[in-house]
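On the provided structure of chain A, position chain B as indicated by the hints.
The listed protein sequences derive, respectively, from chains A and B.
This note's numbering applies: residue 1 is where the first sequence begins, and numbers increase by one.
This note's numbering applies: residue 369 is where the second sequence begins, and numbers increase by one.
In silico negatives: residues of chain B with every beta carbon more than 10 angstroms from chain A:
no., residue
1, T400
2, I404
3, Y415
4, G430
5, I433
6, P434
7, F461
8, P485
9, P507
10, S521
11, N528
12, N568
13, I571
List of simulated lysine to aspartate or glutamate pairs, EDC-like, C-alpha gap at most 20 angstroms:
no., chain 1, residue 1, chain 2, residue 2
14, B, K426, B, E389
15, B, K619, A, E202
16, B, K619, A, D273
17, A, K231, A, D364
18, A, K291, A, D348
19, A, K290, A, D191
20, A, K282, A, D348
21, A, K290, A, D348
22, A, K351, A, D286
23, B, K577, A, E300
24, B, K619, A, D159
25, B, K572, B, E646
26, A, K257, A, D247
27, B, K577, B, E648
28, A, K290, A, D344
29, A, K264, A, D175
30, B, K539, B, D597
31, B, K619, A, E300
32, B, K540, A, E202
33, B, K572, B, E585
34, B, K540, B, E517
35, B, K539, A, E202
36, B, K624, A, E300
37, B, K624, A, D273
38, A, K282, B, D630
39, B, K426, B, D411
40, B, K464, B, D438
These are computed hints drawn from the structure, not numbers from a lab.
On a predicted model such as this, the values are computed, not experimentally measured, just so you know.
Note that the Cβ used here is the ideal one computed from N, Cα and C, for glycine as well.
These are the residues of each chain, in order.
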Amino acid sequence: MKRVFPLFLGGITLVLIILAWFTSGGVARREMRQANTPEQAVRLMLSQIQGHNFDAAYARLSNRGDVDKNAFIREFNGSYGSLLTYSSLENFDIWGLHSSDQESTMRVRLHYSTGVGPLDDVRDVKVQKSGDTWKVFWPVNNATKLPPQVIPVNYLRWDVIGRGAGDEWGVQNVDTPQVRILSMNAIQRPDGVTLVGEVVNEDSVPAFVNVGATLLDHAGNEIAQESSFDKIAHTLLPKQVSPYRIDFPNMRMEKIKNVRMDAKALLAAASADPVIEVNQQKLETDPLGKKVLSGQLTNEGGQVVDIPHVIVSYYDSNGKVVWVSDGYVAQPLLPQVPVPFAVDLPADISKNVQSYHVVVNHFDRVSS
Amino acid sequence: MRAVIIAAMMCFSGVSAVASEIHAPAQVTAGTAITIRTSGSGDATFYLVGPASASKTKVQAGSNIPIDSDQLEDAGRYVAALCASDGCTAANFFVKPAAANKLSFLVHPSRVPVGTPQGITAVAIVHDSFRNIVLQPSPVTFSIMAKNEKSVSAARTSENGVAWVRLTSAKKGGPTRLGAAIGHADEIRVVQQVAADACNLRIKASRAKRGFLVETEPVHDCGGNPVPDGTVVSFTESDAAGKTTVDVPIKRGVAKIEMPIDGSAKITVASGVVTGNELEVTGGQ
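Extracted from the complex, chain A is given alone in its bound form (with noise of 0.2 angstroms):
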């Protein structure tokens, strides 16, 4: 009787330990060890990446020889700050292209999980055969270098000193910055109500600000209170103007009979720089068929910049805001270094749009 306990803990943990292998796909890793189809090899490839196992995965690669293996981590890893230093792959598809005996295209899509939510990347990846087995061609990194310098930058920064907690009732304080909400459009969409507009900062200092908005009923109560959240450039400049967008999901039009509006604004400590150019910017579909709002950014400025988050507000014929959307880029921008991006549009709205404003609101480790 004093074995058969131990004996029956020991089976059973062998039991769970071949289990939790089979659910961890193990039989799959093991299948694709080999690589005998293109797929096979983009997905052990991927696989490898998404258990942190990049010397296995770049032991995959056809052309190591042109691919640096740190810059290759770094493709998935991040760098600079980065939202893929804040992000891991959670899963991925893959799919082909087109295949000859000898070369293959796949598509593959992975999926991110990153900090400020779920992040798609769309790539073409080539694939070769090199004897028995299929090697991953990947594509070399050919991004500008910029070579070591100073950057002068002598943009304005605002500092703020508010009144005193032992000050009398009376010293003056300095007025927090007048902002305005230059358009509202209330739309229907499948999954709930959406409100888009524009605020503008009319001020002659920065101002922190957020749109909010509550909903009332034919009865005048309150129904639902949101707010922009991230869909809207908090950190507004003298002048600027942010698009934003307030969701209110599993909401009916009809249940509305008023909306009131609230922008709420701070003086904040802000800098100028850095300024973010947004270059060849057009409305096209992408490989997956949706409609897209693609450009590159540039960072003007001498300062990295970690987190790019891209805002585009679209206008029909009238200049009435239609829409708004908005998207993170992975990439960090380092001075004068061209990123692509592309923001979603959807497709039923994309027939009215006539015009687009591009604003590029940003997150650095070092607040500026």
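Positioned in the frame of chain A, the structure of chain B alone reads:
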């Protein structure tokens, strides 16, 4: 709690009207020492309940009770009560504010666009030395000290402790000092008069290494005041490669940016809700 104490004392005073007596002056100026006369004999307890304080002292009935000036700094109704073995008696008296000697000076806003009619409000609340609001009409002198200009003053008499003026901001930008004075008080506040929206916003373009250097002419409002540095100017360029936009803060009076241009391009400029001129340029020429 204060009301309960007062009510109790009034009650006592009613019950023992023939016992010890207390005589307080009808009106006292804040911060002035007084003496309260009492009648009767024997040990007694003296209570003084004011708007912001209460005190209890052992006294002899029939003696004069001195009240220090620091016990009478708060204006309002006071109740003095004397409780002896034969009961309690109370008397009310009022402490009025002393002469106006301090100001709470509120100026709004702290930043105002130039030439805004009645855009600045200055309010002075008149206090005595002990922070009691002085309700008696008192003359307050308001003054405006614009930079490099002679100071201008105007007198206003306070009503119910408050005097105010409304001012139109100057045509010229810059800080303006507003003052209010009464007695020994002389308070100063600073209002920044800032340029209004940009007016007649114009851009020009010249060739540069990466395309065209697009820059504004010095940005002014309609009164000729320079728009403050840091104000955002938005440039938009449309060419064959797509649209390029960039928000550039004004630096040393102008906003400029280098833009890559592919073929013919149209460049527009805006600052807030103000739009400027449009340029058509051709790259490669």
